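K.L.:
Use the sequences and the hints to build the structure in full.
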Amino acid sequence: MKINNPKVTLSDEARNGVKEEVRSGFLDWLMEFNVEGDDGELYALGGSILSLALEKMDLVNLCYAKGKGSVKQLRNSVYKLAKYPGTVMNKFYRNPQGTLQIERRENSVLVTCTEHYQVECFDNGTWHLMLDTCDGEYKADLYHRAHGFPLWYGREKPSLLTQHSITYGYNWSGDVDGTIWLDGKEIKVKGTGQRERYVAVDSSAAELGGWEDWGYITFNEIHSSLYDMRLGMKDYSVYDLENDKHYTSNGNLKGGDRDRTEMEITHEDWAFMRELDGFVPTYYNVRIKTEDGVYEARAHVCNARVWGVTFQVPDNPVATLIFDKVEGTFTHNDGTVKTLTGGRGTMSVRQWHQYPNMLPRELYCDDELTGEKFETL
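Counting from 1 along the sequence shown, just add 7 to a position and that's the residue number in the numbering used here.
Since the hints were derived computationally from the structure, they do not count as laboratory data. A quick note: this is a predicted structure, and the numbers were derived from the prediction, not measured. Cβ coordinates follow ideal geometry from the N, Cα and C atoms, glycine included. Just so you know, not all the hints are guaranteed correct.
[Stated by the list, open to error] Derived BS3-like pairs (lysine-lysine); straight-line CA-CA distance at most 30 Å:
1) Lys98 - Lys252
2) Lys195 - Lys146
3) Lys14 - Lys164
4) Lys98 - Lys195
5) Lys9 - Lys195
6) Lys195 - Lys90
7) Lys75 - Lys90
8) Lys73 - Lys252
9) Lys79 - Lys146
10) Lys332 - Lys79
11) Lys73 - Lys164
12) Lys73 - Lys192
13) Lys345 - Lys252
14) Lys252 - Lys197
15) Lys75 - Lys98
16) Lys63 - Lys164
17) Lys197 - Lys345
18) Lys79 - Lys90
19) Lys252 - Lys14
20) Lys75 - Lys332
21) Lys197 - Lys146
22) Lys345 - Lys9
23) Lys296 - Lys252
[What the hints assert, rightly or not] Quick list of the computed label-pair ranges, beta carbon to beta carbon:
24) Thr343 - Glu144: 48 to 54 Å
25) Glu27 - Glu62: 15 to 21 Å
26) Thr268 - Glu27: 28 to 34 Å
27) Lys192 - Arg152: 23 to 29 Å
28) Arg152 - Glu110: 19 to 25 Å
29) Thr346 - Leu238: 31 to 37 Å
P.N.:
Take a look at the structure:
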């Protein structure tokens, strides 16, 4: 979405409401980071403060995943099975509404929700996060340093995901560095990640349609945040760090097959993920046509975390897919091709209409069948 002045202000960071009548108020300060530790491991760090008006609670979530998995082709079957390490830790801290505190400072906004989650949002585009399970299992001191401008959902004017889902806020990719402690072991980490500042009036996952992608892909030269609702809207923000150029849509893109000329996300090599009870793509192909050329990325999924938005059991969980290998290019209008380096990222997916329970047993059971297989069209 194009914004007249896309610079993030401290008022944006501190925003805790909207003008519209709140039927189901929702606030968040969320992070999703893809980092490498000085122990050589790949970590996907997640967390958020969620203020939920309908449930009358302020919720903290802390989670992380570690390592890489693989995809197995099942014998005598057309299906593949995703074998990922998955979530190592996922903890929720439920607090009464009003626990969330927002403190305006001279050059920053400090947001806290008990001792478990603190984030200081600075006016130079940096977030400083202090996270702690307070039981010795997990602690983090992390900096997210964003570049350029974010993918705005809405600011002066709201973004309408559906007719009544009114949203304000942004997704913003950037560099990440800091320290985590796992069971007391100190690990220095470095990588990239995306943060979200989000205010919603109402939201219905059922209206979002068959598939939804939202996440980020970063390279040393270009950072991007992406959103694609297959039956609704799509949007992107691409920032060229080397040339200080920002590309985003005019906010009128349509999801799915209705608009492939400006941004297209395609999926390959689907595999069944038992934890999600559904299929996920294991390769992402992204193509965005900008005024100066075409940005393309191909990302491989190596791990995934399953999670829900609220404290309650979700109707259908969300999966965050974690990339290990990401390749990319930027082809300029004159035909010259820039190869992008240092690719990483994550993509969260929501599939509302789940597959019916008529899938073959080999997807759920490790026993391999022999003999004739059931042929499908």
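K.L.:
So which of the earlier hints does this model not fit?
P.N.:
1, 5, 8, 9, 11
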